[in-house]
Amino acid sequence: MPKTAVKPVTEQAIVQPLHSPAQLHFRTLRLDTPFQPRIDAAMKTNDWYDWGGYRAPASLWDEELEYFAIRSQAALFDISPMTKYRIEGPDAESFLNRLTLRDVTKLKTGRVHYTAWCDDEGFVLDDGTLFRLAPNRFRLCCQERHLPWLLDSAIGFDVTVTEETEVVAALALQGPTSFAILREAGFEGVERLKVFDLAEFAHEDGSVTISRTGFTGDLGYELFVETRLALSLWDRLWQAGELRGIRAIGYTALNRARLEAGLIVANADFVTAEHAIRADRVRMPDEIGLGFMVDLEKGHFNGRRAIAEARAKGRLRHVLVGLEIEGNIPAEHAIVYHRKKKEVGLVSAAIWSPMAKRNIALASLERPYGDSITDDLWVEIYAMRELKYERLMKRAKVVQRPFIKLDRRTASPPAEF
Numbered sequence: 001m002p003k004t005a006v007k008p009v010t011e012q013a014i015v016q017p018l019h020s021p022a023q024l025h026f027r028t029l030r031l032d033t034p035f036q037p038r039i040d041a042a043m044k045t046n047d048w049y050d051w052g053g054y055r056a057p058a059s060l061w062d063e064e065l066e067y068f069a070i071r072s073q074a075a076l077f078d079i080s081p082m083t084k085y086r087i088e089g090p091d092a093e094s095f096l097n098r099l100t101l102r103d104v105t106k107l108k109t110g111r112v113h114y115t116a117w118c119d120d121e122g123f124v125l126d127d128g129t130l131f132r133l134a135p136n137r138f139r140l141c142c143q144e145r146h147l148p149w150l151l152d153s154a155i156g157f158d159v160t161v162t163e164e165t166e167v168v169a170a171l172a173l174q175g176p177t178s179f180a181i182l183r184e185a186g187f188e189g190v191e192r193l194k195v196f197d198l199a200e201f202a203h204e205d206g207s208v209t210i211s212r213t214g215f216t217g218d219l220g221y222e223l224f225v226e227t228r229l230a231l232s233l234w235d236r237l238w239q240a241g242e243l244r245g246i247r248a249i250g251y252t253a254l255n256r257a258r259l260e261a262g263l264i265v266a267n268a269d270f271v272t273a274e275h276a277i278r279a280d281r282v283r284m285p286d287e288i289g290l291g292f293m294v295d296l297e298k299g300h301f302n303g304r305r306a307i308a309e310a311r312a313k314g315r316l317r318h319v320l321v322g323l324e325i326e327g328n329i330p331a332e333h334a335i336v337y338h339r340k341k342k343e344v345g346l347v348s349a350a351i352w353s354p355m356a357k358r359n360i361a362l363a364s365l366e367r368p369y370g371d372s373i374t375d376d377l378w379v380e381i382y383a384m385r386e387l388k389y390e391r392l393m394k395r396a397k398v399v400q401r402p403f404i405k406l407d408r409r410t411a412s413p414p415a416e417f
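Heads up: the sequence shown is residues 1 to 417, going by our numbering.
If you are wondering where the hints come from, they were derived from the structure by calculation, not from laboratory data. Remember, predicted model here, so these are calculated numbers, not experimental data. All the pointers check out, no bait thrown in.
Pairwise CB distance ranges (calculated):
1. Gly-299 x Ser-72: 44 to 50 Å
2. Pro-90 x Lys-194: 27 to 33 Å
3. Arg-385 x Pro-37: 42 to 48 Å
4. Lys-44 x Gly-206: 30 to 36 Å
Cβ coordinates follow ideal geometry from the N, Cα and C atoms, glycine included.
Please put together the full structure from these sequences, using the hints given.
Here it is in structure tokens:
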């Protein structure tokens, strides 16, 4: 029998494609925001973190100097990864009033308010800002993604809920020279914006929505624009701020500023109801300092009955407090004790505050500690000294938030530095 010719197997024949189409997403470990080209150009530290699947800077050049840019100049921070929803339709107001804690009927067009929303058991799902762009059109900005929850909650309402995180780019411009930069950039009329006001301004062949809001406790603004106009907006601000000290910053600097302002972060200072694994980790609004939002007079809303019952029957088990701590070593994630013996809570965020000149922290404590019992509290800090950790017990006292209060945040019109 004639032998069958066997074709030699070459190296090229056995090489398989490195990635099949279904695996290509692994080559993009993090998404880029519309401002990524400008952020990459400014990046010196290569210090990144994951913000909702996006590649976001923890710091860009020097985290301490970035913080001081917020407090003495103007800081530009990319908030595009923040989850954004467009909620519109004839029943938009009724839907949001049913969903959130505050009375949305009191939120006028061109205004913003800070709010939160709960599940049926009264536990906080998230907090965020609600923008009333028109009588029947809103934008809801928050930390986590809630589209299934929002869509389920919208059943029975004539309303459309659309996630617009990827189609709307956003920047935070914060600091004492932020107003002057907007004026220099040609946003005429921006001086009329009071705290929590918003307005639309022309930009290129479109528009930018500017609100006098922020996460720093300082004079500041947030700007929302179509993604196609993102880079031109960045360049417009950067050019206008060249002589006023504008700097790009990362989250580490922003986090320091927000802690001085006494502001909380979901899944950092409290665990949201959707993320909590253990039943004792969830929190009601009153347990994280958001009780002022709860409007029991407006009618039914998610969690209303449970919140009212917890208040009436004394079932609020925790309280979130501001602490001032002895010494200058930040007590980050330290255990809080009463009389150095009983564990009563945990610090969720802590820094030495350059503005307040105090060692400050946020902590979640078990009631009545931090509520009716506020004396003889201690924190346990482990400090590295000469290659050895030393256990330090430092006194802590409950203090009011915010830890600093800057008059320029609410000045109207703002001073032009």
